[in-house]
Amino acid sequence: MLKVEHLYHSYGKAEILRGISLGVERGEVFVTIGPTGSGKTTLMRLVGLLEKPTSGDIYFGGYKVNNSEKARLEIRRRMAMVSQKPAVFNATVFDNVAYGLRIRKDKSAHLRSKVSDVLETVGLSGYEKRDARTLSGGETQRVALARAMVIEPQLLLLDEPTANLDPVSTSHIENLVTDVIKKSSMTVMMNTHDMFQGQRLADRMGVLIGGEMMQTGNTREIFNAPQSLSIAEFVGVENMLSGTIATNEDGLVTLNVGGIKVEAMSKLDVGTEVCACIRPEEITLVKTKELTSARNMFSGEITRIVVFGPFARVEIHCGLPLISLITKKSVEEMNLKTGDRVYASFKATGVHIIKK
Amino acid sequence: MHAIVDAFVLAVKMIFTGDAEVYSITARTLAISGSSTIIGALIFVPLGCLIYFNNFWGKKALISVIQTCYSIPTVFVGLLVYLVFSRSGPLGVFGILFTPQVMVIGQVVLISAIVTGLTISALGGVSPAIRETATSLGASRLQSVWVVVKEARFAVLTAVLVGFGRAISEVGLALMVGGNILGYTRVLTTAISLYTGQGEIALSLALGFILVALALIVTVLANRFLMAKEVNVAQSRASVS
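Chain order of the listed sequences is A and B. Each residue of the first sequence is one higher than the last, beginning at 625 in the working numbering. Each residue of the second sequence is one higher than the last, beginning at 7 in the working numbering.
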């Protein structure tokens with residue numbers, strides 16, 4: 625559906641994108657995550673043909689996008705983009721949503737029903753005659769989404785559509801993406817700096833940091849097997865332990881992390897300097913030592929417990945600092961308090977090794 | 007003091023009793039300045055768009071020159087138009103000096119800079135995101151330009167009304183190229199200047215009141231256009247809460 629090859633882009637001397645290559649399949653939701661300023665919006669503007677790249681190629685539906693304005697317009701008419709802070713035209717909600725159809729010379733009777741259908745989908749029925757500039761942020765974003773969806777684009781580009789919204793509006797927009805857009809034939813490319821949102825919505829993800837696409841893959845791969853330290857840090861791997869591989873028996877390695885042994889799976893040779901990444905949700909806590917299949921078990925003292933929503937983040941010191949994410953219910957049932965001694969365990973397969 | 011009060015009373019009487027001379031001068035003024043404003047708008051609003059939407063070498067300098075010309079003295083424009091249309095001038099063959107036609111031409115020249123310049127400012131006041139949104143929804147270049155013009159419609163209308171205000175209130179040009187001929191090229195401003203000199207204070211005052219009233223009506227209309235839009239927005243907002 626969409627293929628990008630070796631895309632470079634600069635504004636003056638500032639190089640924003642450095643050799644981006646990626647592919648998006650038909651019907652897929654591809655989410656680009658990355659910190660603010662990593663080049664996500666620029667990438668989307670290039671894909672949306674609003675700007676021309678400094679170098680590199682974009683293929684749409686198998687055809688290479690060239691420089692002719694006529695060809696670019698023809699391709700642009702098969703996509704639609706919703707930006708982070710959408711601008712609405714100084715007109716009614718109806719006229720705003722109908723815009724894309726009107727410039728495509730859609731028939732009038734057809735147009736009216738299409739617009740009301742899409743307004744119903746986004747939950748704005750009855751807003752037709754409202755001045756679009758009087759809407760709230762969440763409503764404006766929904767108008768922008770309706771305005772894009774009504775065209776039935778082959779590729780829908782969403783640039784941080786919930787970045788400026790409250791939690792209720794955000795979940796409304798997310799539901800539209802999962803319930804309506806994913807069930808249609810639209811291919812979606814979306815940007816977000818919220819990695820959890822990415823995880824919720826994406827079929828596949830790409831991590832864009834400093835203008836480079838560091839890794840692409842399904843959400844599991846990105847979150848559990850980040851390919852570099854910067855990705856691991858960005859996707860919320862809170863336990864990162866530096867050490868060297870001490871032994872390697874058929875892929876089961878022992879790491880020496882400051883004198884403490886950690887078992888993990890890796891193909892790397894003995895002596896390699898590595899970083900062991902353990903997602904906090906991989907670490908379980910027990911009060912008494914028991915026999916378990918987990919290869920790693922450490923005794924330590926709880927230094928801090930932070931409860932947020934249904935979860936609790938428990939910090940343990942057991943020679944090395946570990947952070948465990950467990951449910952609030954578990955904390956209550958086990959009666960965990962700061963200063964308690966616990967055993968923290970995690971499987972060797974729960975450790976992801978990154979070569980330094 | 008007494009004389010001024012008498013003149014004031016007489017002036018009001020002239021306006022309300024339908025003094026023929028007062029009304030024919032007013033009608034002629036509206037016809038001439040109205041035509042020049044319409045012609046000016048038809049030429050200079052598109053010209054402003056053309057300048058705004060295209061990038062070319064010297065664009066910034068050109069806009070500066072246009073803005074400087076906002077305050078070009080009317081007598082200077084009058085002098086130029088006079089020279090061009092006088093018998094020995096390059097367009098003297100048309101023989102239209104001292105006619106309403108040449109007054110219209112002169113006023114079109116006079117308001118050219120202000121209408122063009124204010125149109126450019128009006129378009130510049132529209133957020134670039136508007137045009138980009140149109141483009142991202144599949145608008146061609148021309149379609150996206152039209153969206154911006156539509157967004158700027160009230161500000162562009164204001165530019166035209168400002169042009170009308172300048173055209174109707176100027177005296178130097180009308181006097182020089184129109185000649186202030188009774189029943190032919192005599193307009194409100196030239197008449198006031200002449201009758202004041204002749205001591206016909208009441209007539210001058212009556213015409214002055216009408217001129218001020220016309221300027222006021224135009225301003226009120228302009229504001230109504232802008233206000234109506236704001237009221238709509240306010241009402242929509244109120245209905246939300």
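Take the hints with a grain of salt, since some may be wrong.
Chain A stretches covered by chain B per the calculated footprint, using a threshold of three residues with CB under 8 Å from any CB of chain B [claimed, not checked]: (1) 688-702; (2) 721-727; (3) 770-777.
Calculated from the structure, these hints are not laboratory results. Using N, Cα and C, we set each Cβ at its ideal position, and we do this for glycine too.
Structure-based check of each hint:
1. Counting residues of the segment 688-702 of chain A whose beta carbon lies closer than 8 Å to any beta carbon of chain B gives 4, which meets the minimum of three for the stated coverage.
2. Residues of the segment 721-727 of chain A with a Cβ under 8 Å from some Cβ of chain B number 3, which satisfies the need for three, so the listed coverage holds.
3. Coverage of a stretch by a chain is defined here by at least three residues with a beta carbon nearer than 8 Å to that chain's beta carbons; for the segment 770-777 of chain A and chain B the count is 3, and the condition holds.
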